[in-house]
Amino acid sequence: AQSVTQLDSHVSVSEGTPVLLRCNYSSSYSPSLFWYVQHPNKGLQLLLKYTSAATLVKGINGFEAEFKKSETSFHLTKPSAHMSDAAEYFCVVSAQTSYDKVIFGPGTSLSVIP
Amino acid sequence: DAGITQSPRYKITETGRQVTLMCHQTWSHSYMFWYRQDLGHGLRLIYYSAAADITDKGEVPDGYVVSRSKTENFPLTLESATRSQTSVYFCASRVGGTAGELFFGEGSRLTVL
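These protein sequences, in sequence, are chains D and Z. Residue numbering for the first sequence follows the numbering used here, beginning at 1 and increasing consecutively. Residue numbering for the second sequence follows the numbering used here, beginning at 1001 and increasing consecutively.
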């Protein structure tokens, strides 16, 4: 069975300060892990993904995430928040098996204060 | 234009009516998905398709019907709409296996009165 927990439903940061969005997962198989971003009234866009290569994954717009198997975590970070980062962020897990199930976390809403 | 398009973007209907949401992708991706997004639930999978003429249920399939006669199209039909089906619906596609990126349409906002 797979599941995803996003530990904060809402995060608020000041512009120029670091961003940390937390994600923990559970998977019976070697997982692929993703972060997607959704801007208001838009579809989701891939930020980055982990698929059993390097544990530190770099994505678009300065975001990165570190896969920690011992902690079953895949937290998303960015050194300096920009106003355009305000959006909803989803952590996603899928199993590297023939079963095509992809599980989305409930999302974290990021606000950036000027 | 290349990509994945959904129509209509906005739809208001009444309880009991049939509604079809269309999804079209230009990449010939094997997999296609329908999700619904509701506050407090994130995205939940309704149905998915691994190829033309192959579909399977997701997490919340009740009240929905899908078909996939052509690789590029994956319509979602609500045979008798209910108020609980008021939601934003997203179609997505993926080239192949579970390690691949999902590409999303911009969503269809459905209101059932």
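No lab work stands behind these hints: they were computed from the structure. Beta carbons: idealized from backbone N, C-alpha and C, even for Gly. Fair warning: there could be bad hints in the mix.
[Said to hold, decoys possible] Lysine-lysine pairs mimicking BS3-like chemistry, simulated, CA-CA at most 25 Å apart: (1) D:69 x D:101; (2) D:58 x D:69; (3) D:49 x D:101; (4) D:101 x Z:1070; (5) Z:1057 x Z:1011; (6) D:69 x D:49; (7) D:101 x Z:1057; (8) D:42 x Z:1011; (9) Z:1070 x Z:1057.
[As the list claims (entries may be wrong)] Per the computed footprint, the stretches of chain Z lying under chain D, defined by three or more beta-carbons under 8 Å from a beta-carbon of chain D, are: (10) 1041-1047; (11) 1069-1076; (12) 1095-1102.
Hint check results:
no.: 1; hint: D:69 x D:101; result: holds, 20 Å
no.: 2; hint: D:58 x D:69; result: holds, 17 Å
no.: 3; hint: D:49 x D:101; result: holds, 16 Å
no.: 4; hint: D:101 x Z:1070; result: holds, 22 Å
no.: 5; hint: Z:1057 x Z:1011; result: holds, 24 Å
no.: 6; hint: D:69 x D:49; result: holds, 15 Å
no.: 7; hint: D:101 x Z:1057; result: holds, 10 Å
no.: 8; hint: D:42 x Z:1011; result: holds, 16 Å
no.: 9; hint: Z:1070 x Z:1057; result: holds, 18 Å
no.: 10; hint: 1041-1047; result: holds (count 5)
no.: 11; hint: 1069-1076; result: violated (count 0)
no.: 12; hint: 1095-1102; result: holds (count 5)
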